[in-house]
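Student: Here are the chains, one letter per residue:
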Amino acid sequence: MTKYIIRRVIQAIPVLFGITVVVYAILLAAPGGPVQRFANNPRVTDTQRLAFIHRWGLDQPIPVQYCRWMGICNPDKDGLATFVSDQGLPNFLPTFLGGGDNGVLHGDLGVSIDTGQVVSDRIMASLLPTIILAGTALIVWVTFAILLGTLAALRPYSLFDQVLTIFTYVGFAMPTFWLGIMLIYTFSGPGLNILPAGGMTSPRISPPFGTNDYWAWFSAQPIKAILDLGRHLILPVTTLVVISIAGDSRFVRGSMMETLHMDYVRTAKAKGLKARTVTFKHAFRNAMLPFITNVALELPLLFTGAIVTETIFSWPGIGRLTIQSTNQFDYPMLMGILLIAAVATVFANLLADIAYAVVDPRIKY
Amino acid sequence: MQPYGEFEPARPAPLTEKVVEVAAIPVRQEEAGADYEVTLQSLNQWQLAWRKFKKHRLALIGLGILTCLLATAFVGPIVLPYDFASIPVPDQIVYQGRPPGLGHLFGETGGLQRDVLTLVVNGARLSLIIGFSSMMIGVFIGTIVGAIAGFLGGFLDNALMRIVDVMLSLPLLFVILVASRFFGNGSALLLILIFGFFSWMGVARLVRSLFLSLREQEFVEAARAVGVGNMRTIFRHILPNAVSPIVIVASLIMAGNIISEAFVSFLGFGVDSSTPTWGNILSNALTFIPLGNWWWPFFAGLAIILTVLSVNFIGDGLRDALDPRSRA
Amino acid sequence: MTDATIAVEQGSGPMLGVAPGEDVLLDVRDLKTYFHVMDGTVKAVDGVSFSLRRGSSIGVVGESGSGKSVTALTMMRLLDIPPAEIVDGEIWFDGRELVAMSEEDIRHIRGKDMAMIFQEPLTALNPLFTVGNQIAEQIELHMKVKKREAWDRSIEMLKIVGMPNAEARVKQYPHEMSGGMRQRVMIAMAISCEPKLIIADEPTTALDVTIQAQIMELLKSIQQRTGASLMLITHDLGVIAEMVDDVIVMYAGQVVEQGHVDEVFLDPRAPYTEGLIRSIPSVVGRGRRLKAIRGTVPSPFNLPPACRFEPRCDYPWDLCRTSEPELYQVGAPERRARCHLYGPAGRGRRSPVVGTSSIEGETESTEAARPDSAQVFLKSEQALEDRRQ
Numbered sequence: 163m164t165k166y167i168i169r170r171v172i173q174a175i176p177v178l179f180g181i182t183v184v185v186y187a188i189l190l191a192a193p194g195g196p197v198q199r200f201a202n203n204p205r206v207t208d209t210q211r212l213a214f215i216h217r218w219g220l221d222q223p224i225p226v227q228y229c230r231w232m233g234i235c236n237p238d239k240d241g242l243a244t245f246v247s248d249q250g251l252p253n254f255l256p257t258f259l260g261g262g263d264n265g266v267l268h269g270d271l272g273v274s275i276d277t278g279q280v281v282s283d284r285i286m287a288s289l290l291p292t293i294i295l296a297g298t299a300l301i302v303w304v305t306f307a308i309l310l311g312t313l314a315a316l317r318p319y320s321l322f323d324q325v326l327t328i329f330t331y332v333g334f335a336m337p338t339f340w341l342g343i344m345l346i347y348t349f350s351g352p353g354l355n356i357l358p359a360g361g362m363t364s365p366r367i368s369p370p371f372g373t374n375d376y377w378a379w380f381s382a383q384p385i386k387a388i389l390d391l392g393r394h395l396i397l398p399v400t401t402l403v404v405i406s407i408a409g410d411s412r413f414v415r416g417s418m419m420e421t422l423h424m425d426y427v428r429t430a431k432a433k434g435l436k437a438r439t440v441t442f443k444h445a446f447r448n449a450m451l452p453f454i455t456n457v458a459l460e461l462p463l464l465f466t467g468a469i470v471t472e473t474i475f476s477w478p479g480i481g482r483l484t485i486q487s488t489n490q491f492d493y494p495m496l497m498g499i500l501l502i503a504a505v506a507t508v509f510a511n512l513l514a515d516i517a518y519a520v521v522d523p524r525i526k527y
Numbered sequence: 016m017q018p019y020g021e022f023e024p025a026r027p028a029p030l031t032e033k034v035v036e037v038a039a040i041p042v043r044q045e046e047a048g049a050d051y052e053v054t055l056q057s058l059n060q061w062q063l064a065w066r067k068f069k070k071h072r073l074a075l076i077g078l079g080i081l082t083c084l085l086a087t088a089f090v091g092p093i094v095l096p097y098d099f100a101s102i103p104v105p106d107q108i109v110y111q112g113r114p115p116g117l118g119h120l121f122g123e124t125g126g127l128q129r130d131v132l133t134l135v136v137n138g139a140r141l142s143l144i145i146g147f148s149s150m151m152i153g154v155f156i157g158t159i160v161g162a163i164a165g166f167l168g169g170f171l172d173n174a175l176m177r178i179v180d181v182m183l184s185l186p187l188l189f190v191i192l193v194a195s196r197f198f199g200n201g202s203a204l205l206l207i208l209i210f211g212f213f214s215w216m217g218v219a220r221l222v223r224s225l226f227l228s229l230r231e232q233e234f235v236e237a238a239r240a241v242g243v244g245n246m247r248t249i250f251r252h253i254l255p256n257a258v259s260p261i262v263i264v265a266s267l268i269m270a271g272n273i274i275s276e277a278f279v280s281f282l283g284f285g286v287d288s289s290t291p292t293w294g295n296i297l298s299n300a301l302t303f304i305p306l307g308n309w310w311w312p313f314f315a316g317l318a319i320i321l322t323v324l325s326v327n328f329i330g331d332g333l334r335d336a337l338d339p340r341s342r343a
Numbered sequence: 008m009t010d011a012t013i014a015v016e017q018g019s020g021p022m023l024g025v026a027p028g029e030d031v032l033l034d035v036r037d038l039k040t041y042f043h044v045m046d047g048t049v050k051a052v053d054g055v056s057f058s059l060r061r062g063s064s065i066g067v068v069g070e071s072g073s074g075k076s077v078t079a080l081t082m083m084r085l086l087d088i089p090p091a092e093i094v095d096g097e098i099w100f101d102g103r104e105l106v107a108m109s110e111e112d113i114r115h116i117r118g119k120d121m122a123m124i125f126q127e128p129l130t131a132l133n134p135l136f137t138v139g140n141q142i143a144e145q146i147e148l149h150m151k152v153k154k155r156e157a158w159d160r161s162i163e164m165l166k167i168v169g170m171p172n173a174e175a176r177v178k179q180y181p182h183e184m185s186g187g188m189r190q191r192v193m194i195a196m197a198i199s200c201e202p203k204l205i206i207a208d209e210p211t212t213a214l215d216v217t218i219q220a221q222i223m224e225l226l227k228s229i230q231q232r233t234g235a236s237l238m239l240i241t242h243d244l245g246v247i248a249e250m251v252d253d254v255i256v257m258y259a260g261q262v263v264e265q266g267h268v269d270e271v272f273l274d275p276r277a278p279y280t281e282g283l284i285r286s287i288p289s290v291v292g293r294g295r296r297l298k299a300i301r302g303t304v305p306s307p308f309n310l311p312p313a314c315r316f317e318p319r320c321d322y323p324w325d326l327c328r329t330s331e332p333e334l335y336q337v338g339a340p341e342r343r344a345r346c347h348l349y350g351p352a353g354r355g356r357r358s359p360v361v362g363t364s365s366i367e368g369e370t371e372s373t374e375a376a377r378p379d380s381a382q383v384f385l386k387s388e389q390a391l392e393d394r395r396q
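Protein chains in written order, with the numbering used here: chain A, 163 to 527; chain B, 16 to 343; chain C, 8 to 396.
It should be emphasised that the hints constitute simulated quantities derived from the structure, not laboratory data. Incorrect hints may have been included.
[Said to hold, decoys possible] Taking CB as the label site, the calculated pair distances span:
| # | chain 1 | residue 1 | chain 2 | residue 2 | range |
| --- | --- | --- | --- | --- | --- |
| 1 | B | Leu227 | A | Ile293 | 37 to 47 Å |
| 2 | B | Ile144 | A | Ala213 | 40 to 50 Å |
| 3 | B | Arg239 | C | Ser330 | 53 to 63 Å |
| 4 | A | Ile168 | C | Ile88 | 44 to 54 Å |
| 5 | C | Gly186 | A | Lys165 | 22 to 32 Å |
Where is the CB? At the ideal position from N, CA and C, for every residue including glycine.
Whole structure, please, built from the sequences with the hints as guidance.
Tutor: Here it is, written out as structure tokens:
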């Protein structure tokens, strides 16, 4: 089993490299590059633009920029010597072995062109809110999809099933943000004003999320803090998951119905087992197998859905960070985010394969 | 115990008896249920598919809705009294806009107080065109890549599939957003290209697996035996058999692209906001919601939902219609 | 000879070879199971009756689509009721009536008093659970014992069915075993709770020929050891001859012949049975043309209005097209055939119209019309020749 995991991880590495290349290519192929942020600003002179370009190393050929960013090349050197670190060894080695200290391979994602913050720090800070949002969404999504799908499969073509089918179709057709907007209008707009329209915290009650003050307050009044957080989570999570639930509950229903017609379910009935046992021990477990893979593969969708949701609800997470960085042409930040996102996707795929191999005894590894 | 009676040994019956027997047989071929002759009306694949499609109620509804939408999109701007580009001079300045009423069926927007119906109808054209064209590009690229990979196999296949894997590993929306922002510049055409560039992967995989299986079938061997070259084999012989699944996937891609356009426009990276698209409308409406303006974003979203729903219904109908196992 | 023939499918009547007082385990009376599907109603089982004594065995023979499996599934009440419907009939099992029984009560009978062995063991076993688990859960439920005991007992069962290295095998998964072993597992499951009736639905169809023989041996020995009754469903005539005491032959949802297996095979009365037996390639008749039954099985939506076999029959006459034959007694009370030849109108009349019925078929010479059978189960071909002269 460990061998299987290691093998898959090793297989994933070339894909990761490929991703970095593609991402870098896309970004740098854009006309202009980071200097575009000054595109409409008349007060920035050409000299200043050139200086900007030089300072950020944007005048280097793109492969060199890529290598520097990856940590294969030393930014302080030029020509062929650039592959060698200050200590005289190949730059891509880990720092403690004498390699360089720049670039992705050494954990350095660069510095934000926009704010000057270290990219990795900023990303870390934004990661937690997104994880809270996406994590809650994941639990809600999986639970409801399984619940609704199973119930529909056990009572096919009933009223419940038909309503669910309609819900599925409509859910597929709905853009997430439209739902978010409508929800905000209904619950936070004029009229019912029972849920907050955005943010992670109520400014009247607590300090902003993530700050040291916040954590102090959190430890002082944990229950109140969690409740407040929960209140703020309701609308964004609903927006995020409704569509996934719509699709997946149908998937679960289909999988379950298919399983219920399998021969081994008939055998289980023929053995005189209780209906509950037949459904839950024999049919359910088999039906969940493809669902596990499905969830793992849909995990990245959570993150992309978070982009819009975080924008609408002013949630200080990675999604919102992406939008801001994109607006500011903040390349290093974007590269960092895209890299993290790509790694997460590959990881999710890996997880899907492993989970399936664990649950299904037929898989040989 | 009943003794079984003596029976006559089998021997040829006298001719007369046979004639009588034969004459007495009424011709009831059909009732025999065995070999009987029925005049078969031979339908080709497409006629059969159309028949099955017609039976699918939802698909027909979808087709109906889509036709209406298309008609509205192209005829609407001519018919409607308002022009989307012009800014009206309202008799009363209501900052948040007016709810649906007689003069304005979908209400008026906030701020400039433009007619929402006009906006939505005009937005339809662009949104539908973007969705459709990008789908066509994606399908085109995907089919070619998949066909080559599936048909030729070997190293080329491997290489192409690695590329597909990498592209599929990218969190697509992220990348589309970034690409739209950096390359897009608010132009619808560039947006179409970008979406097309990112929608070919699924089709490529599908087409590849189709080709892999179809390639092994006998009719390809037969064509080869007669001396048909590679390209011709691909296009004349294999591709027509692969069309059905591609069409189904295409409908899904179109639906997805319409939503993607809305996403991208909503975040401000899509088409320039002077030309309405459904996504545009939604993004412009965002700030006015706390003021209570629900009709502005609502109808645009409704239009998106209806379009995507109908495309999905049609896709479902197509799937059933083109499935060789389902009965007409 | 009296004029009365006994039609015995309606209501209760003399049962298959049973004198009053003998111990009948299963008595199926005029069972009718129909399927309501999009294109119409399929009369899968249309008036089937038979009975089975304790400790004896019965074979159900027929082509695909004749209704044999549906009969068994109806007995176990395993059919999905929306498309299926048990329209009529009674099933008396061990003194209790099954068709009207509640789901809860039937559940207590399934697996415990009546057990079924299915055709395809790979799909019939749950791939996610070990073989031991699947046997033990049934034992735990019906015999009301603890897990540990159930597990031990399942190992015992595996040993009884001849599974080598049972202690290790019991922890394996179905996909890790060969077809023959999987079927042994199914048999172990079936006998684990000491059922009174074992129903085997084509148990060896999916297996290699050599394994077939082994499994059949196993079934026979188990039946003899435990004294259970066996209902064997198959389309393999050779197997039937070796395994069972009585046989019923089904065609298009009806029983067309029944009786003691030797009699039915040696001296088939119903034209269909005759055709079946005749169609078996014979070692003796090498070089001669194979004799298939002409025509095809009728579509279930479009059955012939009177006798269902008439279009393919070698001995049809007008009555066969206008009136449906009943199951007439032919000699011994347990011996019946569904053919007008043995009814009130047809006594003694068996002159074939030279090979033609309402279908264009090949004409056969009288020589060839003589039934021919494989030596495998024919006790005496000469005896048959004598009878025919």
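Student: With reference to the structure, classify each hint as holding or not holding.
Tutor: A quick look at each hint next to the structure:
1. B:Leu227 <-> A:Ile293: 37 to 47 Å: Given range 37 to 47 Å: holds, Cβ gap about 40 Å.
2. B:Ile144 <-> A:Ala213: 40 to 50 Å: For B:Ile144 and A:Ala213 the Cβ distance comes to about 44 Å; the hint holds.
3. B:Arg239 <-> C:Ser330: 53 to 63 Å: Hint holds: Cβ distance 60 Å, inside 53 to 63 Å.
4. A:Ile168 <-> C:Ile88: 44 to 54 Å: For A:Ile168 and C:Ile88 the Cβ distance comes to about 52 Å; the hint holds.
5. C:Gly186 <-> A:Lys165: 22 to 32 Å: holds (31 Å)
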